[in-house]
Structures are given as structure tokens and as C-alpha cells.
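> Using the sequences plus the hints, can you model the full thing?
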Amino acid sequence: MINIPVLRWGEPYQSLDQNEVVHFRTGETLAKVGQANPGLLARDMRKAHRAREVLREIPIPELVDMTKKAADLFLKATLPLGDGEQSPDDFARQQSASTGLPEHMTKFNMEKNHFVLTNMDQILDALTRGLDLDILSRGYGVEARKPDLPLSYQAQSPVLGMVLPSNSPGVHTLWLPVIPMQIGLVLKPGPQEPWTPYRMAAAFVEAGIPRECIGIYPGGGEMGAEVVNRCGRVMIFGSAQTVQHYSGNANVQVHGPGYSKILLGDDLVDQWEDHIDLMVDSIYKNSGRGCINCSGIWASRHTKEIAEAIAERIGPIEVKDPEDPEAGLAAFTVDGQAEAIWGMIEEGCSEDGVTHVTAKHGDRLESMERCAYIRPTILHCDSPDRKMANTEYMYPFASVVECPQEQMLEKIGHTLVVSAITEDEAWAAQLADATNVDRLNIGPLPTIALNWLQPHEGNLVDFLFRARAYQTTPARMGT
Amino acid sequence: MSLEEKVKLAAEALDARAVEMVKWHFSPQTGCKFWLEWADKQDWNPLEEIKSFSDISNKFPNFQDEWLRDLQPEVWVPKEYEGIPFNIFETGGTTGMPKQRIGWDDYKVDYSEFSETLTDEHFPRNHYWIMVGPTGPRRLRLAIEHLANVRGCSCYFVDLDPRWVKRLIKNGQGDQAKAYMEHVVDQATTIMKHREVSAVFTTPKLLEAIAERFEAEGSSLYDAGVRGVFCGGTTMNPQYTRFLMEELLENKIGFVPTYGNTLMGLAKHKPFEPEDNFSITYHAPQPRAVLRVVNPDTNEPVEYDEWGRVELTTMTKEFFMPRFLERDEAKRRPPIDPYPWDGVAEVRPFGAMQKKIVEGVY
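Chains as they are written, first to last, in the numbering used here: chain A, 1 to 479; chain B, 1001 to 1362.
Think of the hints as simulated: they come from the structure by calculation, not from any bench.
The reader is advised that the hints may include incorrect statements.
Here are the simulated DSBU-like cross-link-like pairs (lysine-lysine), alpha carbons at most 35 Å apart as the crow flies [claimed, not checked]:
{"id": "1", "chain 1": "A", "residue 1": "Lys47", "chain 2": "B", "residue 2": "Lys1193"}
{"id": "2", "chain 1": "B", "residue 1": "Lys1170", "chain 2": "A", "residue 2": "Lys387"}
{"id": "3", "chain 1": "B", "residue 1": "Lys1166", "chain 2": "A", "residue 2": "Lys32"}
{"id": "4", "chain 1": "B", "residue 1": "Lys1252", "chain 2": "A", "residue 2": "Lys32"}
{"id": "5", "chain 1": "A", "residue 1": "Lys47", "chain 2": "B", "residue 2": "Lys1252"}
{"id": "6", "chain 1": "A", "residue 1": "Lys47", "chain 2": "B", "residue 2": "Lys1166"}
{"id": "7", "chain 1": "B", "residue 1": "Lys1205", "chain 2": "A", "residue 2": "Lys47"}
{"id": "8", "chain 1": "B", "residue 1": "Lys1270", "chain 2": "A", "residue 2": "Lys32"}
{"id": "9", "chain 1": "A", "residue 1": "Lys47", "chain 2": "B", "residue 2": "Lys1170"}
{"id": "10", "chain 1": "B", "residue 1": "Lys1170", "chain 2": "A", "residue 2": "Lys32"}
{"id": "11", "chain 1": "A", "residue 1": "Lys32", "chain 2": "B", "residue 2": "Lys1205"}
{"id": "12", "chain 1": "B", "residue 1": "Lys1108", "chain 2": "B", "residue 2": "Lys1178"}
{"id": "13", "chain 1": "B", "residue 1": "Lys1178", "chain 2": "A", "residue 2": "Lys32"}
{"id": "14", "chain 1": "B", "residue 1": "Lys1166", "chain 2": "B", "residue 2": "Lys1193"}
{"id": "15", "chain 1": "B", "residue 1": "Lys1331", "chain 2": "A", "residue 2": "Lys32"}
{"id": "16", "chain 1": "A", "residue 1": "Lys47", "chain 2": "B", "residue 2": "Lys1178"}
Okay, here's the thing in C-alpha cells:
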């Protein structure tokens, strides 16, 4: 059992208030995590400017090199953690034991973080569209292609606040480019997932990044609210209600449910059998936990056959131990959550026109002493107007929805990822213009296919920096 | 005298008080209308059967707060006080018809006694105080002024309406609640900047906000002249207490946590020792009031350091209230030398671990 302190700009602070992180199957206490009271952050934020100042003392290319070094440390090294230390295997085991993800998936997520850190130079180049990164440091400058036109990007906050979730360790890739852009971090970890923020902070520090640019403030809901109140820029993960709550707040970027979908165009829908692997992967990979996992497959015809075919593939999947390399399902580790979700699904299935297609493959809900699982679930909806046609749950769940192609764009609502399987260029053009779609894949691409060089739910650079006018004398510009 | 002997003497004094107060409130010559009528409906006679405090715990049912909401105040007037105008005090920050308690001089007694626990270093005599918190119909405002006066001090007041704050928070109007708090802090810091104030009586969250305002301006509570702080009204767990003492009060300003209400009076806190690790323990103003930490299903006290519900019994000539279950839970703590009876520690709203409680700024 490890005691993990609050980190106040890199300095450990032993809180008297502690939260136990327990193994979801055995109940073993894995760690005691010190809880910060909101006032600590309120006071520390008076020194937030120091985080950016110390980072600006290091040129961005050097910070990028440090993140590459941190990548290897994160993936391979035994690093300090609280009053103990943590090997990569410890990390995978601990993260699995508290989040419910199978161990091989936690290792895969480590690889994802490693990939992003290792390719940081390319990612920054892509996100800034090739901007001379010195302009971010200095606040202004010129580009070689237009040497007489000053450019200015002004940091909107010395730190980015992150209110992180417990259920999906994959989201951590989103904040990794922040430090090399010379912006500090205020992290509020999810109660069951303190592991990645602390390990990443340890890897950064070991790689030479100043410890005073990172604060980690574990705590409850009021701590999350304090992060939102105190940081000039905040990224928060939550429900559709959270998204609604912060709608219109330019300081807050909210990552809510994805409602990601595969849309089959009328031109290719008759060849649906060619794309079953893609559909199954989109629904089932990473235990269906991500916002990029597919929760809806929409087509104008063959929907019953499609639903049956997917159900045949993933309906029989059984619960396996988290250490099993074949385990494909993650546990629900929050008491009562799986039961509540299954209750909602059962209620949804009582509506005419909604069919539970995986029912024939056995019970879905499996309750255990300290956790529960829901086995992959496929519904068929005969109309996009059914309540279950546009829902998302954090496990392999999808509705196959019958909907005329011409109605799809209107009926799908806000959708994080659309994979449109079509060669109909006119429809592809409509999809490209649809502002309710964030990530767009045209062609047979799974919803979970990520290109890290592309933005995710908004460009991080645009969120942290504001392009503005900046004029000065030519002599000064040259200095 | 050993602690054991002190505990025994305190228990004897409590038993004597119990008998005396039951005799007072249940005798037709001295009692109030409510208790006399209540006794008539029982199949037992308190005058004959209450011989100790444990008899009160075992024979009386829990006091119903509806009695203080639904009945006119005069039913609580003891015969001896008839014709003497009384104060009407209201409790807490709830909405709807509040609980009301009448009184004459009770509020002065606890606070005069409390003054003896304060040091001149942190609460200098013949100076100025400020109270930032609920005034209105609560007895706190008069009590604080009395306490200041006992020490030769005068007190400034900034009001806060906790009922309005709770309503704003419940309605999701966080911006309004924040603006109201800013308004209160504005008023308090304005007085503190323009007048000499050495002691502050407020809630923990307001203390944070006031300190933050001074610090944002490059000052601090200490630099502003504050030498002593009373704090109460909302939960202070050990971490939060440590935060207040170390970071806001810089280990230089005297910190006196308070637990009190209209129905009880004021409990005193156990002086901090390093082994307490910032856990706050309060001891009721016994024998005038008794706090027990009980399992409400069995009516038995829980073990020491176990959590239970706080039960209050008040026994003064002005008011008798047996076995009122507070909306708080706490850990039971053993008697100590200055207060040789049980204490209540780490008080928090009952069920706080099970559900979200709206405490607001008060």
C-alpha cells in the first residue's frame, strides 16, 4: 500500500484527509491518496505564473526532447510514487485493479501515452500547422514565408486545469502536449485513477522538466469545481449534463459522451457484410469505454441482419479475469453503476420497435461482490426516434438503427466520430459541412482509428493560445 | 484532583441538575404550559421518576422539533417568568417555518463562561471585534456582542442570510451565491481596513474568503491586525482545520473553533495538543446542556472514537429540552481535565458520507 501526497507545484503535501483506492475484486487497499481541500488550490494559484515562467526558461525544442525521454521513463522505468516506487508492471496492475480495465488494456494505454510523448515534435508541428514554436515562447515573431508580417500567439493562462475521469485512462494523451508548449498543469485525478497523473509527473521530473510546473490536487466534486473556478483554461470530462453546464464558457473545454457512429451510405449498404470486422472493432475494442467507441450503426436497410451479425460476434464474449490476456471486458467498479445502466437499457427495450438482439446469448448483467460487468449488448431500433437509438454506455454497447440516409445528418445529433461508409461524394460533402460532427472519417475506417497529428474535439493550441494582432518596429522585430 | 474524581463529581452535579430542572419544569408552581400538559398525558410522573440524568435519557422520548415550529412561543414560558418579555431566537438556515426558542438571560451565561477560556494575547481586552455571519433572528448576534462586552470590547457586525445562500445553491444559482459572498466579504474587509479590529467571529468559508481578499492585496489577516479568530457553523475536518491554522492564520493568530446553536448555547473546544492532529473536540456547557453521541436506533452511546448521532439535552430554568437529535454526527471522545465529561469530535452533517449536504457558506 502506497501513500500518495498532494503535489503543490511539485512539492509533496501530506494531507490529513485521505481516500483509499481499492482493488475492485479483492477489496485490497492499493493506495491512500491525500485529498486536497479547495483552499489549497486557491492559495497555490497565486503562484501559477511561476509554472509558465520556469518552463519558458527552457526552449521548446529542449522540452520536446525531455518529453521524449519521459516517454521511455513512463513506459519502462521504475519511478518514485508517494512513499514508495512503481515499476511499469506495478502501474498496469494497479490501474487495472482500480479502474476495472483488463491489464493488457492498461498496458496498451501506456503505449499510447508513450507514442504521443515520443512523437511530440510532430504533434506540435501538426497542431500549430508548422508554426515556429519560438513564437509561442516569445509571444510574437515572424515566419519565413512572410517575414514582413508579425504573428502573435498569446497564452490565455499560465496553467491548464484538468478535471480527469476515473474510467478511461486513454484520455491522458490529451494533456501531454501542454508542458512542451510551456504551460503548467493543474491536475485533479479521477478518484479511481490517480496512477497516470502521478506517474507522468514523475517521468517528467525525472526527464528534467521543472517539478514546480505541475500540481496534482486529488479531491471530490468541490475540488473539481475549484479547478474550473481558478484556472484560466480548463479541460473537464463528464456527462452530457456537464457538457450542458459549461456550454458557452470559453474557458472550459468539456469532453462528454461521444455518441460516435458508423453511417452506411445507400450506395454501399448492400455490401454491409464486408464491414462487419470494422463495426465489431469500433464497438468492442478497449472494452467499449472510449468516447470514440461506436455506439450506433445507422443504415437505411439490412439493419436487422447487421444487428444479428454483430451480436453473433460479440454477444457470446464472456467475463474473464483482468489478468487474462484474452479479457475483453472491463468491470464497473463504482457500486450500483452497472445495475443502474442495465435498468435503463431494460426500460429502453420495453419501447415498441426496440429489440435486444444479444438476449439469446445469455444474461448480460453479471454482478460480483465488489463490482459488476455488462456483457456486450446490441439493440435494434426500427426508427431513429426510439429512445435507445442515440445512447452511449461505457462498455461494448451499440444500437443498430434503421434510418433513411437523407435523415441521418439531422437525426444523429452531436456526434464525436462519424465513420461514413460511402463513395457518394455529394453525401460526403454534406457530412463535411455538418457542424454536429467533430471527427469525420469518410470510407471504411473504424471510429477508433486515431491520427495523433490531428486535433481532438478542438485544437489544443487554439484553446491555450489566442492569435492576435501585434505590431512593432522592424528593428525590434528582428531582435 | 484526579481526572477520575473530577468525572465523578461532574456526573453527580449533572444528576442533581437533572432532578432540579425536572422539578422546576414539571411543578405546577414553576413549570411551563407545554411540559405540564405533556406530563398529564403520560403514564409516568417525571417528578417522581427522574432521579438522575440517565433517567432522562431512558424515560423521555426524543424531543420533537415540530414542537418548536408549530406551537406559539408562550407555551414555553415557565410560571416564574410570566409577564417578563422574552427574546425569540430562531435556529439554522432551513427554509419554511423555523424552530423558535424563547429566552431571557441564558445566552449570556454560556458566553460569559466562555470568555474565561480566551487569552488576552489573542483576544485583547478593551478593543474591537467583528462578527461576519448570520445575525437576524439568531441569538448568536446578541451572544457575541455580550461576549465582546464582557471583555471590554465592542463589536462590528456584517450580516449574512444563510437561508438565502442555501436557496441559491439548491437552485443551481452558484454565480448569485458567489456574488452575495463577495458582497459580504466587501463589507467585512472595508471595516477591517478602516477600523482597528483584533478578533473575528465568522464561518470557515467566509474566513477563507476574507483572508484571500487581504492576501490578494499583498496583506494578510495578521497584517490587518487580527490576533484571534472564532470559527464555527460548518464542518471542519482535521485537514481543513490544519489548513486554516497553518495557511490562513500562519500559526500566529489564535484559533478558537466553536460549536453552538440556539437550542444548546456554546460548547467549548478541547485545547489543541499535537496528538490531536487537528481533530476538533467540543464539550457541552454541562450541566446546563449535555451532548451525547448515540446510536439513534438503540439510544445507547457509541464507543469512544466511533461515529454516532449527536443528541442534545438542555436543562436551564428558562428551557428544558430532553434528547433532541441534532442534524449532526460526530465521534464520541472521552472526558478531559478542564471538561470532565464526554466530548463530540469532527462534527459534520448527519449522513454527510452518504449524501451531498448543502452547507453553503454557513
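> Check the hint pairing Lys1170(B) with Lys387(A) against an upper bound of 35 Å on the C-alpha distance.
30 Å, holds
> Does the structure keep Lys1166(B) and Lys1193(B) at a Cα separation of 35 Å or less?
29 Å, holds
> Holds or violated: Lys1178(B) with Lys32(A), Cα cutoff 35 Å?
33 Å, holds
> For Lys47(A) and Lys1252(B), compute the direct alpha-carbon distance and say whether it is at most 35 Å.
23 Å, holds
> Would the pair Lys32(A) and Lys1205(B) pass a check requiring their Cα atoms to be no farther apart than 35 Å?
OK: Lys32(A) and Lys1205(B) at ~27 Å, within 35 Å.
> Checking one constraint from the list: CA of Lys1166(B) to CA of Lys32(A), max 35 Å. Satisfied?
33 Å, holds
> With a cut-off of 35 Å on the C-alpha distance, tell me whether Lys1170(B) and Lys32(A) pass.
Measuring from Cα to Cα gives roughly 32 Å; hence the hint holds.
> Within 35 Å, alpha carbon to alpha carbon, are Lys47(A) and Lys1178(B)?
23 Å, holds
> Sort out whether Lys32(A) lies within 35 Å of Lys1252(B), counting only the CA atoms.
Judged against 35 Å, a Cα distance of about 31 Å means the pair holds.
> Does the alpha-carbon distance linking Lys47(A) and Lys1193(B) stay inside the 35 Å limit?
25 Å, holds
> Measure nothing beyond the straight line between the CA atoms of Lys47(A) and Lys1170(B); if it is 35 Å or shorter, mark the hint as holding.
33 Å, holds
> Can you confirm whether the C-alpha distance between Lys1270(B) and Lys32(A) stays at or below 35 Å?
The given pair, whose Cα atoms are some 29 Å apart, holds under the 35 Å limit.
The structure shown violates none of the earlier numbered hints.
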